[in-house]
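Undergrad: Position 66 of the sequence shown, counting from 1, maps to 66 under UniProt numbering, and the rest follow consecutively.
Honestly, the hints are just simulated from the structure, not real lab data. Owing to the predicted nature of the structure, the values given are computational and were not obtained by experimental measurement. Quick reminder that beta carbons are idealized off the backbone N, C-alpha and C, glycines included. Please note that the accuracy of each hint is not assured.
Said to hold, decoys possible - Here are the computed distance ranges between Cβ atoms for each label pair:
hint, residue 1, residue 2, range
1, Phe38, Leu4, 41 to 51 angstroms
2, Asp47, Tyr2, 12 to 22 angstroms
3, Tyr2, Gln36, 12 to 22 angstroms
4, Gly8, Gln36, 22 to 32 angstroms
5, Ile6, Ala45, 14 to 24 angstroms
6, Lys48, Phe3, 40 to 50 angstroms
Unchecked claim - Below 25 angstroms or equal to it, Euclidean Cα-Cα: the simulated SDA-like pairs (lysine to any residue) are:
hint, residue 1, residue 2
7, Lys32, Asn19
8, Lys32, Ile50
9, Lys27, Ser17
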Amino acid sequence: MYFLSIIGVDIDNWLVSYNNARPHSGKHCFGKTPMQSFTDSLYIAKDKNIGNIERISDNLMIAHQAV
Numbered sequence: 001m002y003f004l005s006i007i008g009v010d011i012d013n014w015l016v017s018y019n020n021a022r023p024h025s026g027k028h029c030f031g032k033t034p035m036q037s038f039t040d041s042l043y044i045a046k047d048k049n050i051g052n053i054e055r056i057s058d059n060l061m062i063a064h065q066a067v
């Protein structure tokens, strides 16, 4: 089991480096790290959240009914 815990620590360290330190060269990465890409696009995910869409839809419906 000791060997497996060492491998787990190594993988965790690699993932931190991979996602936070090493810039990627993918089509939409533009030389940013994966974490930078994620945080830069977080607003898109929040806009697409079904709860947010329903809230916006309800607000539009209420505004439309008020007219």
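Undergrad: Next step is simple, just say for each hint if it's right about the structure.
TA: Taking the hints in turn, this is what the structure says about them:
1. Phe38 with Leu4: 41 to 51 angstroms: violated (29 angstroms)
2. Asp47 with Tyr2: 12 to 22 angstroms: For tyrosine 2 against aspartate 47, whose Cβ atoms are near 47 angstroms apart, the range 12 to 22 angstroms is violated.
3. Tyr2 with Gln36: 12 to 22 angstroms: violated (36 angstroms)
4. Gly8 with Gln36: 22 to 32 angstroms: Between glycine 8 and glutamine 36, where Cβ atoms are some 26 angstroms apart, the hint holds.
5. Ile6 with Ala45: 14 to 24 angstroms: violated (35 angstroms)
6. Lys48 with Phe3: 40 to 50 angstroms: Holds: the Cβ-Cβ distance is about 43 angstroms, inside 40 to 50 angstroms.
7. Lys32 with Asn19: Holds: lysine 32 and asparagine 19 sit about 10 angstroms apart, inside 25 angstroms.
8. Lys32 with Ile50: With Cα atoms ~28 angstroms apart, lysine 32 and isoleucine 50 exceed 25 angstroms; violated.
9. Lys27 with Ser17: At roughly 20 angstroms apart (the allowed maximum being 25 angstroms), serine 17 and lysine 27 satisfy the hint.
In the structure shown, a violation is registered for the earlier hints numbered 1, 2, 3, 5, 8, in ascending order.
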